[in-house]
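Engineer: Order-wise, the sequence lines are chains A and B. Be aware that the first sequence starts at 129, since it is given in the numbering used here, and climbs by one per residue. Be aware that the second sequence starts at 2, since it is given in the numbering used here, and climbs by one per residue.
It cannot be assumed that every hint is accurate.
[To be verified] 20 Å max Cα-Cα, derived SDA-like pairs, lysine to any residue:
| hint | chain 1 | residue 1 | chain 2 | residue 2 |
| --- | --- | --- | --- | --- |
| 1 | B | 10 | A | 169 |
| 2 | A | 205 | A | 140 |
| 3 | B | 10 | A | 140 |
| 4 | B | 10 | A | 205 |
| 5 | A | 234 | B | 12 |
| 6 | A | 234 | A | 187 |
What the hints contain is simulated information worked out from the structure, not anything from laboratory work. Keep in mind that this is a model prediction, so the values were computed, not measured.
In case you want the letters, here they are:
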Amino acid sequence: GDSVTQMEGPVTLSEEAFLTINCTYTATGYPSLFWYVQYPGEGLQLLLKATKADDKGSNKGFEATYRKETTSFHLEKGSVQVSDSAVYFCALSYNFNKFYFGSGTKLNVKP
Amino acid sequence: NAGVTQTPKFRVLKTGQSMTLLCAQDMNHEYMYWYRQDPGMGLRLIHYSVGEGTTAKGEVPDGYNVSRLKKQNFLLGLESAAPSQTSVYFCASSYSTSQETQYFGPGTRLLVL
Chain A
129 GDSVTQMEGP VTLSEEAFLT INCTYTATGY PSLFWYVQYP GEGLQLLLKA TKADDKGSNK
189 GFEATYRKET TSFHLEKGSV QVSDSAVYFC ALSYNFNKFY FGSGTKLNVK P
Chain B
2 NAGVTQTPKF RVLKTGQSMT LLCAQDMNHE YMYWYRQDPG MGLRLIHYSV GEGTTAKGEV
62 PDGYNVSRLK KQNFLLGLES AAPSQTSVYF CASSYSTSQE TQYFGPGTRL LVL
């Protein structure tokens with residue numbers, strides 16, 4: 129079946145450190161891939177997305193590249209800030225109204 | 002634009018009680034969704050709607066019912082609440098297919114005793 133697997137958290141980094149959150153997926157079709165972010169006490173917000181292989185999504189310094197050969201969509205940021213502390217969800221969607229979320233990775237950034 | 006709003010924000014129920022969660026969106030979106038979020042499990046789709054008057058089952062529909070009488074509203078009902086339904090419930094909407102960006106409400110925290 130279709131699924132999304134994320135690295136378990138929490139991930140704790142110091143400010144200005146490099147961030148990678150791993151995400152791999154299994155899908156029987158050709159999904160779109162998403163990263164959503166959830167700040168404390170809020171709903172999810174779209175961070176970035178990619179709709180086909182080799183596409184790179186980017187927003188607010190975050191990037192992720194749709195890698196079909198490794199079925200991955202890893203999230204990266206070169207220099208994290210305290211304000212990036214949140215829970216990050218990888219997700220895939222395809223085949224009409226099927227949307228699968230990973231379990232989320234909590235990021236803590238310390239000053 | 003208020004976006005997606007949810008009512009109530011928090012509720013405590015006793016086992017066997019019923020309640021309705023209300024989701025409203027003002028973006029003229031066709032698609033609406035109800036998810037539940039449990040620790041370590043991400044979000045799971047309960048029910049969804051592709052337009053006014055339509056509903057369909059998601060991944061975990063048992064124990065829930067939904068209605069979409071108006072395009073802007075999507076109601077989630079629990080007829081007889083169980084402790085296993087303790088969760089945070091999120092409503093979302095999107096313009097067209099689920100491959101489009103989904104916009105989420107702030108969530109409803111439900112505790113069933």
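Engineer: Now look at each hint and say whether the structure bears it out.
Structural biologist: Hint check:
no.	hint	result
1	B:10 / A:169	11 Å, holds
2	A:205 / A:140	14 Å, holds
3	B:10 / A:140	30 Å, violated
4	B:10 / A:205	33 Å, violated
5	A:234 / B:12	26 Å, violated
6	A:234 / A:187	19 Å, holds
Hint violations for this structure: numbers 3, 4 and 5, all remaining hints satisfied.
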